[in-house]
Amino acid sequence: MRRLPVILCCLLVLSACAKPVVQKQVLAPAPAAEVARLTRLKVAPFDNDAGGQVRAAVESALAAVVVDGRPYFAIVGAGAPAGDLGKPLQWIDTSRPKAQAIRYGSEGTVQGSVHQNGWRDERYVESRRECAAEDAKGKCVLWANRQVTCIRRVAQFSFTPKVVGKDRGEVLLSQEFSETRQSSACKDKGAPTAGASLLAAARAKAIARFTDHVAPHAVTLDIPLLTEDDSAMSAQTKAAVAQGLEFAQARQTAKACELWRGAARGHADGFALPYLSGVCAELEGDLDQAEGFYTLAGQRAPKPVPEISAAVARVKSTRTDQDRLEEQRK
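For the sequence shown, numbering that gives the first Met the number 0 gives the first residue as 0, with consecutive numbering after it.
For the record, the hints were derived by calculation from the structure and aren't laboratory data.
Keep in mind that this is a model prediction, so the values were computed, not measured.
Treat the hints with caution; some may be incorrect.
BS3-like, lysine-lysine: derived pairs with alpha carbons at most 30 Å apart [stated by the list, open to error]:
no.: 1; residue 1: 315; residue 2: 302
no.: 2; residue 1: 138; residue 2: 188
no.: 3; residue 1: 329; residue 2: 204
Can you make the complete structure from the sequences, with help from the hints?
In structure tokens:
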């Protein structure tokens, strides 16, 4: 069997007012599955993109998508002969997991329109309360308000990429992606960020959202940790859970899981320890074992626990995503 999506990394983030959370970064399937199945793309000129800047950025972003250590799309140059698409299949790339047949020429064309691609300044006024007079001891005896002119610089970028399949001329995707970036400053406190920089950031984010829509991409799952329940844990068990949390905080989840699993073997009550065992299995990519532990935790809980319900749903969703990824991998 071909390997399932690889866990990229597991990190822990602690918030002062929330439960401790471990973060698992995984590979998510592309929402636009039909586009994700294409192997070779050609990026055509966009409407309202006179300098070709957006086209070049989209082409570069698609070429930079890497999955399983290799480029996900092959980008065909503008000069590639379109007629080559109709030729018989030429060769099979045996380095690909499914060893799909590869054709010369593009399988789809990315085109579309640019709607917004600029920035503007909006002026407004802020009031400053300042001392207008002091006494002999330097204490303020008269306060006054001073008006200061400020600038809010707003950059907006939006475009609608359209992906057309070459075989049937069918539109596989047509969706708008837009982003806004802004920066504010008053004359007495510097200047706002340059408009070109704000626009570049907005444009890059919108194009990144497009590439995430048409190709598998990394996402981060937040997995909360439950370390307490109403069962009578021994002092030794509590110490193991607490020490495991410290290891997790130090990003040493393997050591944390070793402690939690050892504690679970010696404490057969409550839902916290089977839940933590489920977290460890999920971090390791064993979804069947994780679901089993989460189900056990739910059975032991005297009433529904939101984190447990969310964990079961998350595992089911991850399993579905893995099946979709299997179809999209090339």
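Here is what the structure says about each hint:
1. 315 to 302: holds, 21 Å
2. 138 to 188: The given pair, whose Cα atoms are some 25 Å apart, holds under the 30 Å limit.
3. 329 to 204: holds, 26 Å
Consistency note: the structure conflicts with none of the earlier hints.
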